[in-house]
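Protein sequences appear in the order of chains A and B. Its first residue numbered 1, the first sequence is counted upward by one per residue in our numbering. Its first residue numbered 1, the second sequence is counted upward by one per residue in our numbering.
Keep in mind the hints are simulated off the structure, nothing from the lab. There's no promise every hint is true.
As the list claims (entries may be wrong) - Distance ranges between label pairs, derived from CB positions:
hint: 1; chain 1: A; residue 1: Asp105; chain 2: B; residue 2: Pro177; range: 44 to 52 Å
hint: 2; chain 1: B; residue 1: Thr253; chain 2: A; residue 2: Val179; range: 30 to 38 Å
hint: 3; chain 1: B; residue 1: Asn123; chain 2: A; residue 2: Glu52; range: 52 to 60 Å
hint: 4; chain 1: A; residue 1: Ala377; chain 2: B; residue 2: Glu93; range: 35 to 43 Å
hint: 5; chain 1: B; residue 1: Leu322; chain 2: A; residue 2: Met408; range: 45 to 53 Å
hint: 6; chain 1: A; residue 1: Ala170; chain 2: B; residue 2: Arg181; range: 51 to 59 Å
hint: 7; chain 1: A; residue 1: Thr350; chain 2: B; residue 2: Pro124; range: 30 to 38 Å
hint: 8; chain 1: B; residue 1: Ser88; chain 2: A; residue 2: Asp105; range: 26 to 34 Å
hint: 9; chain 1: A; residue 1: Arg123; chain 2: B; residue 2: Asp314; range: 52 to 60 Å
Said to hold, decoys possible - Example chain B residues on the side facing chain A (calculated, C-beta under 7 Å, incomplete):
hint: 10; residue: Leu35
hint: 11; residue: Glu76
hint: 12; residue: Gln99
hint: 13; residue: Ser100
hint: 14; residue: Arg102
hint: 15; residue: Thr268
hint: 16; residue: Asp269
For glycine and all other residues, C-beta sits at the position ideal for the given N, C-alpha and C.
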Amino acid sequence: MKPSAPLGMAALTLLGALCVSACAKPSMAPSTNNPAPVWSAVVEDHLQIYAEQGLPEVRADDRDDFLEAMELAEGSDQMAGRFRSRLEDADPLLLTAALLAVVEDLTAESVDKTRAYAWLRARGDAAMLPRLTLRLKYEKDWLANVDLALALLKYGSGAGLDAIHNILSAQNSANQEAVDLARFRAMQALAFLPPSSAWQASDDFDRNWQRLLEVQAYWLKFRQLPDVEPVAASDAQRAELWRMMTRLRSQPLRPVDDARFVYTRLPNWVFEPLQQTIFDENRYVREHALQTLAWIGYPVGLWAQQQNANLAVTYGAALDSPDLRPRVMEAMGASGLSSMQDLLLPWLRTGNLEEITAAADALLRCADERVNAELTALLQSQTPLSPEARYSLRLLSAPAETMGAVVMPPGLDPSEAARRVQWWHERAQKP
Amino acid sequence: MHLKAVFSGAIAVTGLVVLVWVLKPPSHAEPLRLLSSNQCLECHAGVAAEWQQSHHQFAFENPEVRKLSNDFANQECIACHAPRPVLSFQPGERVLARQSERALGVDCLTCHAHPEGGVGTKNPSAKLDAPCRPRYSARMASVEHCAACHNQHKTVEQWRAAPAALQNNGCIDCHMPTNFRQGGRQGRNHAFPASHDLAALQSAVEMKVGRNAEGAWVSVYNHGAGHNFPTDERSRAADLQVRWAGADGSWGTWLAVHRFRDPYRDETDLVNTQLPAGATEQFILPLADGMENSDTQTAEVRLLYRTNPYMPDDEAQELVRLVLQS
Numbered sequence: 001m002k003p004s005a006p007l008g009m010a011a012l013t014l015l016g017a018l019c020v021s022a023c024a025k026p027s028m029a030p031s032t033n034n035p036a037p038v039w040s041a042v043v044e045d046h047l048q049i050y051a052e053q054g055l056p057e058v059r060a061d062d063r064d065d066f067l068e069a070m071e072l073a074e075g076s077d078q079m080a081g082r083f084r085s086r087l088e089d090a091d092p093l094l095l096t097a098a099l100l101a102v103v104e105d106l107t108a109e110s111v112d113k114t115r116a117y118a119w120l121r122a123r124g125d126a127a128m129l130p131r132l133t134l135r136l137k138y139e140k141d142w143l144a145n146v147d148l149a150l151a152l153l154k155y156g157s158g159a160g161l162d163a164i165h166n167i168l169s170a171q172n173s174a175n176q177e178a179v180d181l182a183r184f185r186a187m188q189a190l191a192f193l194p195p196s197s198a199w200q201a202s203d204d205f206d207r208n209w210q211r212l213l214e215v216q217a218y219w220l221k222f223r224q225l226p227d228v229e230p231v232a233a234s235d236a237q238r239a240e241l242w243r244m245m246t247r248l249r250s251q252p253l254r255p256v257d258d259a260r261f262v263y264t265r266l267p268n269w270v271f272e273p274l275q276q277t278i279f280d281e282n283r284y285v286r287e288h289a290l291q292t293l294a295w296i297g298y299p300v301g302l303w304a305q306q307q308n309a310n311l312a313v314t315y316g317a318a319l320d321s322p323d324l325r326p327r328v329m330e331a332m333g334a335s336g337l338s339s340m341q342d343l344l345l346p347w348l349r350t351g352n353l354e355e356i357t358a359a360a361d362a363l364l365r366c367a368d369e370r371v372n373a374e375l376t377a378l379l380q381s382q383t384p385l386s387p388e389a390r391y392s393l394r395l396l397s398a399p400a401e402t403m404g405a406v407v408m409p410p411g412l413d414p415s416e417a418a419r420r421v422q423w424w425h426e427r428a429q430k431p
Numbered sequence: 001m002h003l004k005a006v007f008s009g010a011i012a013v014t015g016l017v018v019l020v021w022v023l024k025p026p027s028h029a030e031p032l033r034l035l036s037s038n039q040c041l042e043c044h045a046g047v048a049a050e051w052q053q054s055h056h057q058f059a060f061e062n063p064e065v066r067k068l069s070n071d072f073a074n075q076e077c078i079a080c081h082a083p084r085p086v087l088s089f090q091p092g093e094r095v096l097a098r099q100s101e102r103a104l105g106v107d108c109l110t111c112h113a114h115p116e117g118g119v120g121t122k123n124p125s126a127k128l129d130a131p132c133r134p135r136y137s138a139r140m141a142s143v144e145h146c147a148a149c150h151n152q153h154k155t156v157e158q159w160r161a162a163p164a165a166l167q168n169n170g171c172i173d174c175h176m177p178t179n180f181r182q183g184g185r186q187g188r189n190h191a192f193p194a195s196h197d198l199a200a201l202q203s204a205v206e207m208k209v210g211r212n213a214e215g216a217w218v219s220v221y222n223h224g225a226g227h228n229f230p231t232d233e234r235s236r237a238a239d240l241q242v243r244w245a246g247a248d249g250s251w252g253t254w255l256a257v258h259r260f261r262d263p264y265r266d267e268t269d270l271v272n273t274q275l276p277a278g279a280t281e282q283f284i285l286p287l288a289d290g291m292e293n294s295d296t297q298t299a300e301v302r303l304l305y306r307t308n309p310y311m312p313d314d315e316a317q318e319l320v321r322l323v324l325q326s
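Bound conformation, chain B alone:
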């Protein structure tokens, strides 16, 4: 009887140990005490390499930002250029500035650090036993996650006002397209192609030229951006320009047709001319001095994108150029 009891007890303990083994979360690797985004690079070199190319990485040291923020003497700008982890704020709330490692800009921990420890991911099948202890967070893929910074200049509000078809795309659909890293692993692009990326800019708009009773025209259709074109900073500007071919075939100078831009607050003589998502605008091309009508001359029309309104033409990105034959 005694032996039987011992045997039963042993079986019970063994069973319980097996049960605990099954229930216990995997702990193949010790959890990292997450202190810095530099810790992420070891395992996520591919992602890190993409991020190194991004303007998120560059957010704190970007000379353009330094200039506009008076070298961060305007300290309020630091909040979005070296933010605390977004997940420690309510969805859509503005982030606040962090104290440490500001040179890393908008870094891994900014978007991924989870307030309850570990990192947030939108991948429901992430390896839960990885050292950074990923945990699923639906917010990671949401527009609200990006709104923490990117609504300061109304981009998210513009997206909310966009036609339904364009709203089907959230931020990450255009700005974190799917890509394949070394070894065929699929992931979202952490270079965040946007206003410094020619292909991303070109995918936002379509330009057409033609002639009607009023003269030669150009139209721009914002078919690709889920927000205004251009958006974000008020300093962004997109300029339509035209030049006419002379009788000898030489080109005249570029003439301004239209500027798409949200002016600074104190530019009270200007109005917001950004092109909303899904909208098309058409403009009659101005004639060069001495021209009487546009029918007999060939025109070249281009759309330039500037990251500040004073940027010279030769530094601006040319998004598209079309020829309108005579």
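Bound-form chain A, shown alone:
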């Protein structure tokens, strides 16, 4: 029997090999060789760091006291003066927290809200910026919006200027008296725009209006105000910012949407915390932080250039996570930085349908002409492309003068096509 042993061994080896081959799972997606990034408790750690900072919890009694004081402070007699002093001498953080609690209360009387906005504008602490920015989403009252915009402007945010713009552009309405009053207040508000060497506040509405447009455009591009020395965020502001980050974990979407609304409207000091947050241990926090950076778009790229921040390193590290990859690519493309294209191009060749689509969309927003040869080759190859990817690549590789003639692939939703055409047009603003 001895000579049969090697044959038996060979047969067993063969059996093992065949079993391994037979039981192996079909691979459906390519993967990177790099290890997945390490996630950590980014949000929790920052909540600990800033635990003693930020706005305090407000008791109902405190809130009611301030409400009463605001009402009694409105007269011109001595007693009114005493209540004004009481409000002015109050702890700024406590006063701010109490007034925010009033304006955030859906059931509060509108007269109380109006007073609270006016006092926030006059005495609110900078820590109010995140929560006050959220009021832009929900506050419908025009007069309140004027105070809201000015309170934000005071701390370096132009997020409320749209409201001023809209009030001044409003058509006549059934409630003309209210419209006229709001317009009057909005016109007065223009005097608080940051002055420049070419503009000082005056009674010349046309010049003031032009300055509003300039400031709005600058704000949209850089997320900071022109002709103003940028002010670093205070610890109290950062505390409020990180507290709001916890909303990104939420399963119901409204808290998530609220936080994203705020982060897309805060000054550019929010970009760094958002980039830290893309490595948080919570999948939803990572996703939504990246999505927010993508929604902000080119201002992030411009900021990175100003700060010499290497976004390719930050995003490149996150790109090694398969779950997160399409969202990382979206943020990379939205930055508009052509330095991202070398990280994106390989995914056009080796990615799955989602990754190819994300890479194509991102390239449409950030790539320069160096990618053209590769795109043309890809479009002529048999690589399966989604309608979205195909359209993005066609737009990107088409000469500018023929852009209008780029054919929409079948199966592409018209709104998705429109989104990509808009990205193509926005390329003119690329950093």
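Given chain A, put chain B in place with the hints provided.
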């Protein structure tokens, strides 16, 4: 001896080959590299035809959704209207938006794509060698699978709060009833009958009318929905209306009796009036101008269902209409 050894070896190898053949998973068809739900249509035309009729198929292009989401400028809405595969999330977790083929809405891969490859199925006897390589997943039939999207407006929470008898039905029992496709094959209906399906709506509630000492009344009993009526979007509304016959037999105008609806957040003057699962509510019918009591006149009562609260009566679905004789 040498020949014997060779013979033994040959027998051993043959035996092993047979063993491998038996152990090897069937591979009659090459596994598909699943890229798109369009690949599913070839083998599953019957299911696809049902899905084509569904609001899942319509999820991304539905003009009503476009209007409410500001044409998806509210991008957070995309997550449930063009989601990534649900099985790549933990049970019950909210889904996130996908990048590609959004026009397909809530498509085959949304519910079936398995993170380890192939597709998930709740059918334990599925043909494992099919090109899409089905694999059993208990989650496929679970409420948690649907919760990934359908709890955004609290429908699953409402179901969890429902009486035990109604909780015996999971989502698929009502929204994916068993049906028979061509060739007698049995399966679950992928048209997902729900709020756009008159029969599904009608199976949720029972309406009765009558008179008591307080006057003529109407009652509505949510006996069929395992969740509130109406549920899901806050824009959904169901209205009870009454009209009275005049002395000449002609009908008066429809009068509002009650609206079942969860108001939008900023409608602070309204409260949630949805009808919970298993609950009955009764309302006294309002009289028309000039009427003194309801006993002497015939009334007609109807229940209208609207997919948005501003939808005119003639566009709403009439679920039931009853006559209360004088």
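Checked hints:
For the pair Asp105(A) and Pro177(B), the beta carbons lie near 46 Å from each other, so the given range of 44 to 52 Å is met. Taken as a hint, the range 30 to 38 Å holds for the pair Thr253(B) and Val179(A), whose Cβ atoms sit roughly 36 Å apart. Taken as a hint, the range 52 to 60 Å holds for the pair Asn123(B) and Glu52(A), whose Cβ atoms sit roughly 57 Å apart. Look at Ala377(A) against Glu93(B): about 39 Å separates their beta carbons, and that is inside 35 to 43 Å.
At about 51 Å, the beta-carbon gap between Leu322(B) and Met408(A) stays in the expected band of 45 to 53 Å. The hinted range of 51 to 59 Å is satisfied by Ala170(A) and Arg181(B), whose Cβ atoms lie roughly 58 Å apart. Between Thr350(A) and Pro124(B), the C-beta spacing of about 36 Å keeps the proposed range 30 to 38 Å intact. Range check, Ser88(B) to Asp105(A): about 40 Å between beta-carbon atoms, so the 26 to 34 Å window is missed.
For the pair Arg123(A) and Asp314(B), the beta carbons lie near 55 Å from each other, so the given range of 52 to 60 Å is met. Against a cut-off of 7 Å between C-beta atoms, the interface hint on Leu35(B) holds, since the closest Cβ of chain A lies about 5 Å away. Given hint, Glu76(B) at the interface with chain A, holds; its Cβ is 5 Å from that chain's nearest Cβ, closer than 7 Å. Below 7 Å, beta-carbon pairs count as interface contacts, and Gln99(B) has one with chain A at about 4 Å; its hint therefore holds.
A distance limit of 7 Å between C-beta atoms decides the matter here; for Ser100(B) the minimum to chain A is near 4 Å, and the interface restraint holds. This hint holds: Arg102(B) has a C-beta 6 Å from the nearest C-beta of chain A, less than the 7 Å allowed. With a cut of 7 Å, the hint placing Thr268(B) at the interface with chain A holds, because the nearest CB-to-CB distance is about 5 Å. The criterion of a C-beta within 7 Å of any C-beta in chain A is not met by Asp269(B), whose closest approach is roughly 10 Å, and the hint is violated.
When the structure is compared with the earlier hints, violations turn up for hints 8 and 16 and for no others.
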